[in-house]
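**Q** Spelled out from the first residue to the last, the chains are:
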Amino acid sequence: MAESTKDKIKYRILKTLDVSGFTAFDPVIRLIFGEEPQKQFAAIVKYLVIPAFFVLSCIWFWSWIGPRHKTKSGEVPTPDIVWESVQINDTIAEREKVKRSDFQLKGAEREAALEQVAREYEILSEEVKAAKALVAEKEAEKKAREEKLIAPLEAKYESLKSEYRDAAKARDAEIARISEEVSEGKLEASALIAAIRNDGIATDRERSELNSYKSRIDEIRSQKYKPLDQARKQYDSVADKQFFMKTRLEFLDDRNLYVKLDEAQSELNEYMAELSTAGSAKDALKIAKRAVRAEESVARLEGQEYASAVTIYHQTKRSIFTVFVGFFMAAFVAIPVGIMCGLNKIFMACMTPIISVFKPVSPVVWLLIFQIVVGAFFPDPENHALLNFLNNLPLISSLEINPALIFSACTVAMCAVWPALVNTALGVASIDQDHVNVARVLRLGFWSRLFKIVIPSALPLVFAGLRISLGVGWMVLIAAEALSSSDGLGKFVWDEYQNGSSLTFANIIMVCFVVGIIGFFLDRMMIILQRFVSFDGGGTSV
Amino acid sequence: MAYLELNNVSIGFGPPSNRTEVLKDINLSVEENEFVAVIGFSGSGKSTLMSLLAGLQKPDKGQVRLHGSVVENPGPRLGIMFQNYSLLPWLTVFGNIELAVRQVFPKFNKAQVKEHVERYVEMVSLTPALEKNPHELSGGMRQRVSLARTLAMQPEVLLLDEPLSALDALTRAVLQDEIIRIWEEDKRTVVMITNDVDEATLMADRIVPLTIGPEATLAEPFPVTMERPRDRANLNKNPEFMKLKNSVTRFMVGMNKESKDLKVDTSVKMPNIIPHDFTPPSRTSVKVK
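Chains as they are written, first to last, in our numbering: chain A, 1 to 542; chain B, 1 to 289.
Since the hints were made in silico from the structure, they are not lab data. Even for Gly, the Cβ is constructed at its ideal location relative to N, Cα and C. Please note that a few of the clues may not be correct.
As the list claims (entries may be wrong) - Below, a list of computed lysine to aspartate or glutamate pairs in the DMTMM-like style, where the Cα atoms sit at most 20 Å apart:
1) A/15 - B/136
2) A/39 - A/7
3) B/58 - A/434
Claimed, not checked - Chain B regions said to be covered by chain A (calculated; three or more residues, Cβ under 8 Å):
4) 87–98
5) 231–238
Can you build the whole structure from these sequences, using the hints too?
**A** What follows is the structure in structure tokens.
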């Protein structure tokens, strides 16, 4: 009995792997359950170890070729630099969270936090000083080492230089002499030519000799000194932390919500007190006006929220949200229209030119068109009813829905609609004649024919189309976001490219992986859905 | 007047300039509760004849009549059992039959539908496979589901289009007995199409040969007067069976030879090679990548 439950678990896991498309891990599960170990080992080597080795060798190749390719914006980052930038982005997100909570702390808690952060700041300041001193020390060390290596080269360089200068002078004198003799007719003209040519050759040789010394010196100077690099890195990280603590101090003190509120409130109270003791009507009016202004500022502060800097997590969330908005818009149009196309040949003939012409249009063009056309709906985006409604919905309010997001989503929808539409039409049109005959014999009405025969038989193809649509949408989205400045991964990449910090390149490559991995999971999700609706037990390609 | 009638029915395809007549001047009348087997070579238009009987196709000339009224549209009165099962792959065995039952008996409540479906599934001995999907079943089981679905509609006429052609010999024998048993249980009119002389002789009251197409028509019928129940095991010792089988076979082979003789001048002599049959046993659906 125990054996059979074990088998049941095994087959359930295998089935899950099969449905989710991770069949490569099949032998691992079988091995765990002790099924034909030899065969499983062979399969693991073939389908897991060798591919893993290949991927690792690709990463190795990347880290080898990266530093060898110098570009205008620095070296191509190696995998470890990209990984570092992942961590930095994570730290940024983490710190934003801390700052937000600092901003909202109040009372005794705030004071305690303030005290602790101030203490940490002091400690870090000491550390920064130490790190700075270390950097200076290492710099001096480096310089000393270099000088030791460079001094003999430099001496040699100088001596050669003067030697060559003398030689050049001698050659000049010789040429002058020969030219005189030629003019007097004592020598052939060809002798003068030869002398000048020899002088040119000698000058070139000497110059290249000198240059080679110079470049050797430069090379020594540009060599990296590991201790110095480490010291600098250490300094950077400590200084970064120190700066963060400084910002925290500000958010716990001057820029804290409740500190500001208290200030505004006390100001208001002051005016109120003054007002009751105002001497003249004129004074009273002046003070009352100030009081009203103070009241307004209190009200404004009460509604204030922490203005968070955008983090990679927020951008990712927003991109995923945008792509699904676009995708559902596309599906909402594509499936009914596709069904109509499949059912009615005349309608199909009407739609074909439209599909054929608009399908190949670039997302960039659609984006511009939507910015103009849909943009006309938002004369004042701040107070538009639709946007206000969306931004007050509970789950998505933090995503700040704005016109840019809607343009991007529309662009995604416009590009994603075609594969779903065409596949749905194909699925409906290619319904098996036998199934149609069944419907005829049973005398099914239009609607039950549609819902009991046509749609079920077209579903696998519909989902195949939706899967392609989501893939296309995700690809298009990044470009649309970059162009429409809608917060998301596309904008993140674009901003990085425009800003040009030392991490720019690494961040762009990081986004490349983030986009790829999310795209992979979206596709997997669609494969699983597709598997659930396919009735023939057929596989779907990976 | 006969129960089910074909009057001078003709059908063809292609444009008028290049028209191929598939069936020409077909006349057939089937009595109530009669079991008629139509026998013919492949490609002679048997399935077209069945589509005409079921009302899925309309004849170019002539009429198909049931009870004297012309058959215009297909419907559950003419229960056709398709050659290639035609089960809906996204529904279970129960679901497939249930769809038909609900449509034919709209007044049934849930329990009645369930009971009705289960009765017919029981009849074809598939109760254990009730909740299975068609692709989990063997060819013979699918054929039985198809039969159960057709029977569950309780049609006045049962039209069987080569119902057993895709099956192996053993399964075929089992299903033949099954069909005869069901037919005997609640008598109804059956028209069965087959290309197997033994099968026709064993099951039918009357064998009607279809001549070789194009322009196929029905030849003189052979009545089968053997007593029922017919004992499969001893058939080969039954002189009446052997005689009938031989005469039908001789007729069919002779017809084939005749048509070959007619064609001999126009056809190119081909080497005597039998091509491999690559047709898959069942319809496979196209996988979309």
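**Q** All hints are to be evaluated individually against the structure, with a verdict given for each.
**A** Hints and how they fare:
1. Between the alpha carbons of residue 15 of chain A and residue 136 of chain B the distance comes to roughly 16 Å, so the proposed pair stays at or under 20 Å and holds.
2. A threshold of 20 Å between alpha carbons decides the hint, and for residue 39 of chain A with residue 7 of chain A the separation of about 18 Å falls inside it, so the pair holds.
3. Annotation: proposed proximity of residue 58 of chain B to residue 434 of chain A holds, straight-line Cα distance about 17 Å (limit 20 Å).
4. Counting residues of the segment 87–98 of chain B whose C-beta sits closer than 8 Å to any C-beta of chain A gives 4, which meets the bar of three, so the coverage hint holds.
5. A stretch counts as covered by a chain when three or more of its residues have a beta carbon under 8 Å from one of that chain; for the segment 231–238 of chain B and chain A the count is 0, and the coverage is violated.
Consistency with the previously given hints fails for number 5 only.
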